[in-house]
Amino acid sequence: MSKLSRRKLITTGLAAAAGASGLGVAAKLAERYGLIPPDAGGLYGAGETLTYAAQRILTRHSMAQSFAPSQISKDPFANAVDPLGEGFQRLQQGGFADWRLAVDGMVARPSSFSLAELKTFPSRTEITLIACEEGWSYIAEWSGVPLAHILNLVGALSQARYVVYRSFQPDWWDSIDMADALHPQTLVTLGMNGGDLPVPFGGPLRLRVPRQLGYKNVKYITRLTLTDSLKRFGKGLGSAAPEGGYAWYAGI
Amino acid sequence: MEIPAKFQITGQTAGEAREMPDGLPVSSGAPLSVHNEGAIGAISQVAEVVRPRHSAFVRVTHWLITLSFLALLVTGVEILISHPRFYWGETGNVNTRPLFTLPIPASRATVPTGYGYVLPDQNGWSRYLHFQSAWVAVCTGLLYVALGFFNGHFRRNLLPARSDLSPKGLATVIARHLRFRPPSEEEAWSYNVLQRLTYLLVIFVLFPLVIWTGLAMSPAVASAIPAAVTVLGGRQSARTLHFFVSGFLVLFLLVHVLMVWLAGFRSRMRAMITGRHTPRMEGA
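Protein chains in written order, with the working numbering: chain V, 1 to 252; chain G, 253 to 536.
Treat the hints as calculated values from the structure; they're not laboratory data. Quick reminder that beta carbons are idealized off the backbone N, C-alpha and C, glycines included. Hints may be right or wrong, so weigh each one.
[Unchecked claim] Far from chain G, some chain V residues (derived; all Cβ distances over 12 Å): (1) D75; (2) T120; (3) M178.
[To be verified] Not everything, but these chain G residues come out facing chain V in the computed CB check (under 8 Å): (4) H306; (5) E342; (6) N375; (7) W377; (8) W387; (9) S436; (10) S470.
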């Protein structure tokens with residue numbers, strides 16, 4: 001071996017060691033600042049982690065674009081949902097008077113709210129775009145209670161890192177990190193375009209997360225659970241989406 | 253003679269040395285006349301000194317981009333068929349009149365296509381892989397552009413000479429392409445003016461545009477940089493433009509592969525894989 005190649009070997013080795021330890025430090029920092037998504041394992045974990053981390057750094061406080069009333073879609077598309085079943089129909093016939101939103105997990109005061117109670121809370125109205133991962137989109141005016149207000153009301157514990165939300169449809173659940181949960185535009189949505197939220201669009205209660213794609217905006221929500229880890233929920237991937245092959249984070 | 257640092261020393265065997273093209277100086281240590289601003293050359297002194305046709309950094313980034321682009325293409329088509337309709341502006345859905353519709357079946361039952369069947373949904377892994385490949389493509393592309401400026405690759409290999417840009421010079425090259433004339437031996441060592449212009453267009457126009465229009469579809473990125481979307485005319489406009497820019501990139505890929513084929517597939521592939529060029533008679 002010539003001197004040149006030995007030097008090359010040493011520098012390459014040092015560079016590799018520095019790179020590996022650099023990655024280790026980066027992983028530690030990313031974990032600490034909540035930049036690792038729950039579906040970070042597996043074949044596409046690297047890309048998913050980069051996307052989530054990059055967008056979290058870029059968008060922690062950014063606001064989804066608000067549109068003018070004239071831009072509200074005249075022909076919004078509700079998308080198809082699985083049959084809601086008899087239980088839902090009974091609630092619907094009663095004008096959803098018995099619909100409850102339970103809040104539990106890492107909160108000081110586990111609570112349950114009726115729609116009437118939710119309607120007494122401070123409300124926020126936003127004209128925002130909802131985009132499906134399939135490619136289509138529409139703009140609507142959404143009104144509801146900021147999720148942050150509810151979390152404040154029930155006394156969210158400081159160690160909570162995610163809010164898990166469940167639909168009336170048993171297989172449909174999802175979760176968001178606290179950056180999205182406390183975001184002022186994240187709404188427990190009761191109304192759309194000036195009226196009650198229609199059932200095809202998720203009524204009586206839908207979580208609007210306007211900085212993420214449509215499938216994070218779960219319809220018919222019944223329960224919020226605050227947690228410091230998503231490992232105990234489902235397969236531990238953060239939501240039903242990764243269990244069906246889709247990314248947990250849908251900011252892209 | 254001053255040997256530029258970019259010349260690489262390789263331990264060539266006599267057999268490999270014979271593969272040097274005739275037009276290239278392989279014999280003496282004297283300064284050699286080289287084609288195209290002295291950009292190429294090979295000399296033989298005590299050891300064989302050969303400059304590779306494509307530098308290692310060009311070869312590695314070329315194939316990384318190739319791999320990620322093919323993954324982006326396949327997954328992009330999969331994502332597209334879940335809604336093969338296109339719109340202009342911010343919004344568009346099945347209740348909206350489309351700008352145009354691709355006459356293909358869809359992977360969602362909610363899309364009216366005229367076909368009596370629905371293709372299987374592949375969006376989950378397609379989206380995961382699309383964005384992972386985009387990261388590879390973007391990181392590789394940034395590295396390539398940074399190094400390309402730093403080491404003179406763009407100036408030396410891709411910037412067309414002013415004389416080549418004259419109408420007469422361009423006409424000559426275009427006429428040669430239209431007649432499907434095989435390239436001259438010296439063209440194996442340098443890009444002609446059409447190649448240079450095309451590669452510059454792909455690197456500095458089409459790739460940045462396809463990345464921009466792709467990012468403009470992200471609701472999170474749109475919240476951080478709203479102008480990235482509004483300048484394009486809205487999210488659906490970004491999606492439509494993403495489709496067309498991707499189409500131009502596919503067109504480039506097809507013509508690129510066709511030209512490689514016409515110029516001698518094996519020799520051109522060898523040059524891009526190993527860096528070594530072999531003369532025509534040994535190639536395709």
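Right, here's what the structure says about each hint:
| no. | hint | result |
| --- | --- | --- |
| 1 | D75 | violated, 4 Å |
| 2 | T120 | holds, 30 Å |
| 3 | M178 | holds, 16 Å |
| 4 | H306 | violated, 21 Å |
| 5 | E342 | holds, 6 Å |
| 6 | N375 | holds, 6 Å |
| 7 | W377 | holds, 6 Å |
| 8 | W387 | holds, 5 Å |
| 9 | S436 | violated, 37 Å |
| 10 | S470 | holds, 4 Å |
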